[in-house]
Amino acid sequence: MDVILFLVFAIIAVVCAINVVVQTHPISSAVSLVGVMASLAVLYLLLGAEFLAAAQVIVYAGAIMVLFVFVIMLLNAGAEAKKGRSFTAQLLGLPLLVAFLGLMAYFVQRLFPQSTMVHFGGFRGGGAAEIGHALFTTFLLPFEVTSILILVAILGAIVLARKEMD
Amino acid sequence: MPVNFGATATDLIRFLPEIILTVMGTALMVLDPVLHKRASHAFGHLSIFALLAGIGGAVYAQSNPGTAFGGMLVVDGFATYFRVLVMVVGILTILPSYGFLARQQAETSEYHALLLFSIAGQCMMAAANDLIIVFIGLEISSISSYVLAGYLRDDKRSNEAALKYFLLGSFATAFFLYGVAITYGTVGTVNLTAIRAALSGADAPPVVFITLAAALMFVGLGFKVSAAPFQVWAPDVYQGAPTPVAAFLSAGPKAAAFAVFLRIFLTAFGPIGADWLPLVWMAALLSMTVGNFAALMQTNVKRMLAYSSIAHAGYVLVALTAQSDTGTAAAMFYLAAYAFMNIGAFAVVSHVSGRGERYQNIDDLAGLGRKQPMMAAMLTIFLLSLIGVPLTGGFFGKFYIFKAALESHLVWLAVLGLLNSAVAAYYYLRILVMVYMHEPGEAAGQTEPLTPGFRLALILPALGTLFLGIFPTWVLDCAGKSATLVK
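Keeping their order, the protein sequence lines are chains C and A.
In this text, residue positions in the first sequence follow my numbering: the first is 1, and each later residue adds one.
In this text, residue positions in the second sequence follow my numbering: the first is 1001, and each later residue adds one.
The following block holds chain C by itself, in its conformation from the complex:
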């Protein structure tokens, strides 16, 4: 059961991710991205990270995707114009990707022979209480400092996007 659920949603995530890149129209890409986010949420849930799964759905699949779609609509972006890719990229892109993935898989297989299958439900501690506790004790500094990062991003957006006053 574990394996089947994992395989189904992992495959959906990968297929949707490839589709994001392959599609020429931005809206189709955005919709595929929703698929990626949603299947990732299911994977988090399977691993016992309930809070993360909920946040993934609400924040990414919900809020951020709506924002994406709005921006695409407002800009009235059409289908992407096909540009000729460089010869080297066409020739080497796919083989290098396959080689990289193969190498990674080989290393994981070879170097962690003792690793076993994750048993879903074996891990607990992904609830809101545990996450909140971790955020405000161990990870207090990164959590608070991230607010500066977001503030900088907002300030930057205002600087770059505002109209000239005079």
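Don't read these hints as lab results, they were simulated from the structure.
Here the structure is a predicted model, which means the values were calculated and not measured.
Check each hint, because a few of them may be wrong.
[Unchecked claim] Result set (DSS-like, lysine-lysine): computed pairs, CA atoms no more than 30 Å apart in a straight line:
id: 1; chain 1: C; residue 1: LYS83; chain 2: A; residue 2: LYS1156
id: 2; chain 1: C; residue 1: LYS83; chain 2: A; residue 2: LYS1164
id: 3; chain 1: A; residue 1: LYS1481; chain 2: A; residue 2: LYS1403
Go by the hints and put chain A onto chain C.
Only chain A this time, still in chain C's reference frame:
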């Protein structure tokens, strides 16, 4: 469940410089509608005040060194040295910005707020002892820098610079993050000290993964310090960015990125030093060669300084390759000397290029020696220091780096580095020939009034360069004492 909020008074004192800078940055945003137009200089004054307070805070924090926030931060001599350095760079960036922003009729409040946030991020990087904090600090510093590079929105080049910097920078950050993820997956921690402990322990994880993680982080950080082969963005960004910002980019974020570089590679990845050595060795050699030979062919001064900054990143990587306390101290000294001389050189370029930054070519400097002798004299000091002539900071910087390389038996790297310095002398001297031996052109004749801030912005780096060249021991002692990283 007992709730224990982590921050104690000691934690907060060790985080003081960042707190001061962030509070002042936020205050500038709030004050903008109140002070708007009537006192556009006030924002600069307030920022300099905040940076001075930040330096005070950093020195005060050093009186009680140690870790903070459960090992996320570490305040040691190394952290304090780089915190003070990036804040001094900040002050030296703000001084020429008064006149520059007025000439370009640009808003001052956001400029200074972004600058303060960027410096806060760099201070955080200098004191980070955990890859999460390194990452957040790096992002705060970078995102503000992207916006600052595109601050002149009416200037197409400035827009181009910001966009290129943003796209390539995000790409590099992704590489860095991938390295962090692999490290966590292999070792199970992102704390630098804990990673070191795990790598030197008896059941150390497979070295292949850690080397892969180190390589990915090397790509990310190599981009931030503009080391070859990740240097392509630098010339375009330095040319397009407003000149004070270009000076800042070449000194502040670079110094902070090198601080992180040294700390991650010497602390966390120290035990596998032999595995990443060839990588840094090659990048150092490539950066020096690519930077110096490309600089030979430039006609635009800002582009030339960009390529020279790539070459100088190569010299500092040589110091990292030495993997010794001497090497770390040499890198620290070099980054301070480089900050002074490069900011000074950019300030002169900023003055000569005039309104709208029209005059940026090397030819435009012709006859500067006759028309504006003081300006030319300053430029001479900075360029001689960039060459590495004795009695300037640049000389001792190079001297200590190559000495450290020789002590670590990297004879070939030292020899190739010295040959590179000889190549570099050519293009710096070419500017001096243009300044003193040619008839004055149209650019040299224009006399923009010198604001007091701008005078300071020239005199302070010049004094710094000469001080480091004549009395290097004081700063070197300081660097030498702090070079032993917490392990």
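**Prompt:** When the hints from earlier in the document are held up against this structure, which numbers fail?
**Reply:** Checked against the structure, no hint fails, so every one of them is satisfied.
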